[in-house]
Every structure is written in C-alpha cells, then in structure tokens.
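Asks: Start counting the sequence shown at 0; every next residue gets the next number (numbering that gives the first Met the number 0).
Careful: at least some of the hints might be erroneous.
Label pairs and their computed distance ranges (CB to CB) [stated by the list, open to error]:
hint : residue 1 : residue 2 : range
1    : Ala189    : Ala274    : 29 to 35 Å
2    : Arg106    : Pro45     : 23 to 29 Å
3    : Pro45     : Ala94     : 31 to 37 Å
4    : Ala273    : Ala94     : 20 to 26 Å
5    : Pro178    : Pro215    : 29 to 35 Å
6    : Gly98     : Asp155    : 45 to 51 Å
7    : Arg46     : Arg259    : 17 to 23 Å
8    : Arg277    : Arg125    : 24 to 30 Å
Restricting the straight-line Cα-Cα distance to at most 20 Å, the calculated cross-link-like pairs of lysine to any residue (SDA-like) are [unchecked claim]:
hint : residue 1 : residue 2
9    : Lys295    : Arg171
10   : Lys295    : Pro221
11   : Lys295    : Arg2
12   : Lys295    : Ala168
13   : Lys295    : Gly283
14   : Lys295    : Ala4
15   : Lys295    : Thr266
16   : Lys295    : Val285
17   : Lys295    : Glu280
18   : Lys295    : Asp166
19   : Lys295    : Gly172
20   : Lys295    : Asp271
21   : Lys295    : Val165
22   : Lys295    : Gly267
23   : Lys295    : Ala219
24   : Lys295    : Leu170
25   : Lys295    : Ala284
26   : Lys295    : Gly175
27   : Lys295    : Gly55
28   : Lys295    : Gly167
29   : Lys295    : Asp261
30   : Lys295    : Pro178
31   : Lys295    : Leu169
32   : Lys295    : Pro150
If you are wondering where the hints come from, they were derived from the structure by calculation, not from laboratory data.
Virtual Cβ for every residue (Gly too), placed ideally from N, Cα, C.
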Amino acid sequence: MTRYASAVFDCDGVLVDVSGSYDEAIRATVDHVLDEAGIPRFEAGPRVIEAFKQSGGFNDEVDLAHAAILCISAASRAGTDPMRVILEVAGSAGAGGIGAVAEAAGRVAPIRDVEAVAPHPGPGRRGPLCRIFDQYFYGAGLYEEIYGEAPRVRTDGLISRDRLLVDGALLRGISGALPGGMALVTGRGAASARRTLGGLMDIFDLGRSSFLEDGPRELAKPDPRPLLSAVRGLGEPAVYVGDSVEDMVMAERARDAGARVDFVGITGACADPAARRRIFEGGGAVVLDSVAALPKALNLEPGARREHGA
0 MTRYASAVFD CDGVLVDVSG SYDEAIRATV DHVLDEAGIP RFEAGPRVIE AFKQSGGFND
60 EVDLAHAAIL CISAASRAGT DPMRVILEVA GSAGAGGIGA VAEAAGRVAP IRDVEAVAPH
120 PGPGRRGPLC RIFDQYFYGA GLYEEIYGEA PRVRTDGLIS RDRLLVDGAL LRGISGALPG
180 GMALVTGRGA ASARRTLGGL MDIFDLGRSS FLEDGPRELA KPDPRPLLSA VRGLGEPAVY
240 VGDSVEDMVM AERARDAGAR VDFVGITGAC ADPAARRRIF EGGGAVVLDS VAALPKALNL
300 EPGARREHGA
C-alpha cells in the first residue's frame, strides 16, 4: 500500500508533450523579436532550450525566449558563436534567471536597444514579450478570448500541437489510490490547461490547484507557496510529479517549509532525458520515464480515494 495521501502534478512535460507547441512558440517568438531588432536569426532549437532548462531558472517559456534573444543578440554584435554564448551564460546564470542572463549577456556586447523591442518582464504577466509569445501559442481566437484584444499576429495557434501523455484511465487509477486525491500546480493558465486536457482536468481537485500564469509573478516556480497550499489542502505525505529543475527545487523548498512532500522527476518528454535524469538523481528524486510508471513506483492500490472536500 502506498504511503502517500495525495499527489500534485505539473502539466507540461508530465501530462502533455509540449515539444511541438510551447517549444515551437519559443522559436517563433525569438525569430519575431530578432527580426524586429535587425539581428540575424539563430534557431532556438532543442539544444538552446535544454541549456536554459538545465540551469534551473527557466521554467517559464517567455523568460527562456527572452534569455535566448539577449544571448543571440549579444553574440551577433560581438561576432561570436551564439551557441557558445548561450552555454556560457546559461551555465553561469544558474537559478538567477533572466536577471542574471541580462547582466551576463550585456557584458558580451551592448543589448539595451534589443531589450527595448519587447521588454520583459512587463506589468503582471502580460507584458510586450508575453503578448508576442501568446499570439503564436494560443492563436488568434484563444488569444482574443484571454486578452480581450485583437492579435497583431494571426495564427492557428501552436497549442493545437500539444500531445497528451496520459489518459483518463491512468489518471483515475492514480487518483483512486490516493485518499486525498490529486491537484495541479502548473505554469500554465487555466484556459490553456483546459484547452488541452479537456475533461481530464476534472479528475484533479481544481480548488487545490494553481495555474501560475494567471497569478502574480512572485508565485512562479520555484516559489513553494502554491505547492504548499496544494499538499496541505489535499493531505500529507504527498508527492509532486514534475519534469524541470524548478519543479525539483520547488519541492525541496516546500520540504524546507515543513511539508512532507517528495519529488518524482519525469524525463521522457525532455530534449535530453539522460542529462535531466542525472540532475534529478543528484537531488535524490525518484526518476521515471513517464506517468504510466507512477502506480508501480509508488505502490498504488485502488480504492483509497475520498471525495473532494470530504
């Protein structure tokens, strides 16, 4: 029988493969801003994305796009290889995030004018760069629904390329084996999560869930407060299932705050699963290829579930 009362899940890279959606939106956003700034393009592909993801400061895709823009621009102006600058800057930035990257890239070459093309972060979570990113990711219809304004870029939306990694039977089986049930703590907004997860979203206790894109920036990962709220509401001990370094750090900080929560790292949808596995194992996490392996790994048995709020 499992020793866990509840489970909290990240969405992207855990429940949904976003390599064709969010990752493509990063590339499109980088190209868009580089074009506006008159900087030659450099593809922000899997190697670029993984370099920043492994640093521990770039769970937010718009932050990552911003970091790539700054590094590519600085490298272009310095006449050096963008990938070399990206690897050096990402490696030195660590969990310092976009502030550390802006400082390091600015030492390579002046880039303040590039930053001014699409400032980030902006007010709330809907600044200029966020708007560019979301036009590519959401597409015209969903963007207008969320922002209440017509997009400058009209696309069908890369969100349509999201690919589910789980099904209802798997999620209901996990939920049924946990007395406290399950919740979501994800960087996505609720509308985006609903668009992709559909009815699967209702398997989770949405009252205990957090959709960080919809909240203040200071609660973004790896701030532990959303996870603390979830596990204390659902019941402890709990497990948090994520795919990023920030997810692991968030669980560690929640433990430091007194919560009984373990971390399970999912690597199957990562660009470099072996590298991510090494990072997770270095942090003492259970590491799985996919959520499908979770019931066996946690020794889950059906029938323990109580109803939400019971």
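Asks: The structure should be examined with respect to each hint, and the outcome stated for every one.
Replies: Here is what the structure says about each hint:
| no. | hint | result |
| --- | --- | --- |
| 1 | Ala189 x Ala274: 29 to 35 Å | holds, 31 Å |
| 2 | Arg106 x Pro45: 23 to 29 Å | holds, 26 Å |
| 3 | Pro45 x Ala94: 31 to 37 Å | violated, 22 Å |
| 4 | Ala273 x Ala94: 20 to 26 Å | holds, 22 Å |
| 5 | Pro178 x Pro215: 29 to 35 Å | holds, 32 Å |
| 6 | Gly98 x Asp155: 45 to 51 Å | violated, 34 Å |
| 7 | Arg46 x Arg259: 17 to 23 Å | violated, 37 Å |
| 8 | Arg277 x Arg125: 24 to 30 Å | violated, 36 Å |
| 9 | Lys295 x Arg171 | holds, 15 Å |
| 10 | Lys295 x Pro221 | violated, 28 Å |
| 11 | Lys295 x Arg2 | holds, 13 Å |
| 12 | Lys295 x Ala168 | holds, 15 Å |
| 13 | Lys295 x Gly283 | holds, 19 Å |
| 14 | Lys295 x Ala4 | holds, 16 Å |
| 15 | Lys295 x Thr266 | holds, 17 Å |
| 16 | Lys295 x Val285 | holds, 12 Å |
| 17 | Lys295 x Glu280 | holds, 19 Å |
| 18 | Lys295 x Asp166 | holds, 17 Å |
| 19 | Lys295 x Gly172 | holds, 11 Å |
| 20 | Lys295 x Asp271 | violated, 24 Å |
| 21 | Lys295 x Val165 | holds, 15 Å |
| 22 | Lys295 x Gly267 | holds, 17 Å |
| 23 | Lys295 x Ala219 | violated, 31 Å |
| 24 | Lys295 x Leu170 | holds, 13 Å |
| 25 | Lys295 x Ala284 | holds, 16 Å |
| 26 | Lys295 x Gly175 | holds, 14 Å |
| 27 | Lys295 x Gly55 | violated, 29 Å |
| 28 | Lys295 x Gly167 | holds, 17 Å |
| 29 | Lys295 x Asp261 | holds, 16 Å |
| 30 | Lys295 x Pro178 | holds, 17 Å |
| 31 | Lys295 x Leu169 | holds, 12 Å |
| 32 | Lys295 x Pro150 | violated, 46 Å |
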